[in-house]
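S.K.: Chain residues, written in single-letter form:
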Amino acid sequence: MRCPDELTWAIYADGETVKVDTQPLSGHLAVCRNCRELVAALQEENRALVHAIQGLDEVTQLAMAKSPARLFAEVGIGVIGFALSLRMGIDYVTGVETPLTLQWANPFRFSSPLNFLATSFVYLINEGGPMLASIFTSIGVASLIALGLAAILSLLKRASKPALLVTTILLLVSVSFPGYAIDIRGDRSTVTVAASEMVDDTLLAYGDTVIIDGTITGDLIAAARRVKITGTVQGDVLCAAENVEIGGNVEGNVYAVGESVQLTGMARNLYAAGQSIRLAEATAFRGNMMAAAESIVLDGQLGRDMIVAGREIEIRGMIGQGIRTYAQRLVLLPSARVGGDLQANVPTKDSVQIESGAVIGGKTDIRIAPPRPSSYLTISFYLIRAVWLAVAFVTGLIFFWLFPFLTRPMLDNRTAVLKTGALGFVAAIATPVAAVVAALTIVGIPVALFTLVVWVFGLYIAKIVLALFFGRALLSTPGTALAVELLAGLLLIAVAVNLPYLGTLINIILTLLGFGAVLLMIYRQFRPSAATALQIP
Amino acid sequence: MFEMFGLLIRTIQSDHNMSPNVDIQDASREDFAGVYRAYHRRVFRLCLYLLGSTDSAEDAAHEVFLRVRKSLEGYDPSQPFSSWILAIATNHCLDVLRRRGVEASLFELKPVEDFQPAAHGPSPLYELLAAERGDAVRRALVELPDKLRIPLVLTYYNELSYDEVASTLGLKRTHVATLLFRGKHELRRKLAQGGAR
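From first to last, the protein sequence lines are chains A and B. One point on numbering: in the working numbering, the residue at position 187 of the first sequence is 187, and numbering is uninterrupted. Just add 1000 to the spot in the second sequence (first one is 1) and you have the working numbering.
Hint data in this document are derived by calculation from the structure and do not stem from the laboratory. These figures come from a predicted structure and were not determined experimentally. Check the hints yourself; a few may be wrong.
Where chain A lies over chain B, by a calculated footprint (3+ residues, C-beta under 8 Å) [to be verified]:
(1) 1069-1077
(2) 1080-1090
(3) 1137-1150
(4) 1153-1165
Every residue, glycine too, gets a C-beta built ideally from N, C-alpha and C.
Just need the whole structure built from these sequences, with the hints factored in.
M.R.: So, in structure tokens, the structure goes:
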């Protein structure tokens, strides 16, 4: 008998030879030494293969253990990043004029939601120094609470889920400060606090119309088509509505976003954004005013400074201190009284109209900044983009080094892209909302701040993560250095988001998509199967 | 927040991980945690071999345990539990591969191909044994094309018979034998190259 081929013996070695063939093959083996050796080798090979792929040797690890240096770097960068972002956030809020003036040039006006977010952010860090001091204390307290919670959770880990949930809620409730209790009222049509009624804590109201005639001892947070306040709010007023009308007496600050914001009452500071903002004659705000709107009219009294941006600004009333405006047109009527300096940033000299009779206590400084023909023709435009590119590149390199799992967004089919984008969209909107809600309890404030900082950072990282993805797709040669891929992707994105008109839209889409991808990657990284996976070769 | 997100998910699911390991055959209904603990590594590794990337394997393993939990009721104790769970995992991964569009390459292959190993090709045994550590073998395995890798994994990882592999993949028995044979040759070739490098 001629020796059977290796395939036949391979089947034999697997013990899978069909019955009728077994006999002759065994017979051949008995007489043929070569075949005997081949079969022995094949069987040995099978054993080695099983041994290897079943991982019985268990030597390798897919993931490298974290070196102490790397851990140190991660923590260090985290702390520095947190501090920097916080600082940037404060700078943004105090130097609000630039982004706000730019908004009017934006063909896609997403101003309302953006302003709402900005206003919420202002609210959160408004109290400045003293609040920061208390925040650090709170962070300490919160860490202690988190540690305690973690300890209790680990003790309870064998308990059932409901028990866990109840304990957690009880704990959270017990550490919340009762003074910051909150009253929530929502209705499809109208939420009313009648003139005789007194709400003895913070009120969160939403509906078609919110009318406050009575007294609220805490803050008022309202979202509706129309918000009207004629009563008294002892805390702050935060509202977002198509029409905001605030009369009455607000002892704290007013943060308002709306198509039309009409003020007739009293309050401390005013932060507002909208299409038209009007402070009627009866208005008396003791503090500052910071606002952006297409048209701003001040007929009443303002105790301190006014910093406003808009297309048309008209001042008829009294301003205790200075004015700084960024406007297409500024008019001071004869009745206007300005205690301090006037600084007007306008496109032409004719844009400022100061009528005789208007009084300006300090200096008048009119700065002409004619609209540039095209920002694409200026050097600074490219310089700023180059700086962005460089910073994003370095940030990306550091980030991908620290968190290598961020280099693998799963965007390989259309469904994944849609899902990721939707997640990014929801998370980008829900996160600040959740942060604002969290900030309603004292314990929640540091959490809220931290969340917002991480949120801002996540949105920043989003495009960098996508850049790497695009870079890889672009330079599909395997083995290309990560830095090269990242740079290529960043260049592509830099061009895309700066396209006239479409750029903003592309920017938003890319940011949301990237944000979703980042969240998904983090989710994948931290869920249990992933954690276990790291220990498996 | 992201950290907290991860922590939250881990906390929610940690009770699956932490419970003591109980006899799976008996307590399968009650103790999904034990099942997870006992089989996660095997399932994950199977998914890793079949799908070729850690990411997809993590996703797949996750899905598989969701399915397992749902269908624990339907487990027939007459067959080994491990076969049952690995079958679920295999089917899930094959679904994933089909969705990726691999189906064509896996099933269009002609049933009997005239594959003759080169006479001077690497002989059995040496390369596999020479790969002192299994990771070289595992890496080579993951790099194989799907149609060669999948039968190898089912046969030597799941330890299925030719017939079982054939019915899982919807192939003929002889076809399975050929694919296994070719797969092993390809493995040898890769390992020989790796050794020379």
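S.K.: With reference to the structure, classify each hint as holding or not holding.
M.R.: Against the structure, the hints:
{"no.": "1", "hint": "1069-1077", "verdict": "violated (count 0)"}
{"no.": "2", "hint": "1080-1090", "verdict": "violated (count 0)"}
{"no.": "3", "hint": "1137-1150", "verdict": "holds (count 3)"}
{"no.": "4", "hint": "1153-1165", "verdict": "holds (count 7)"}
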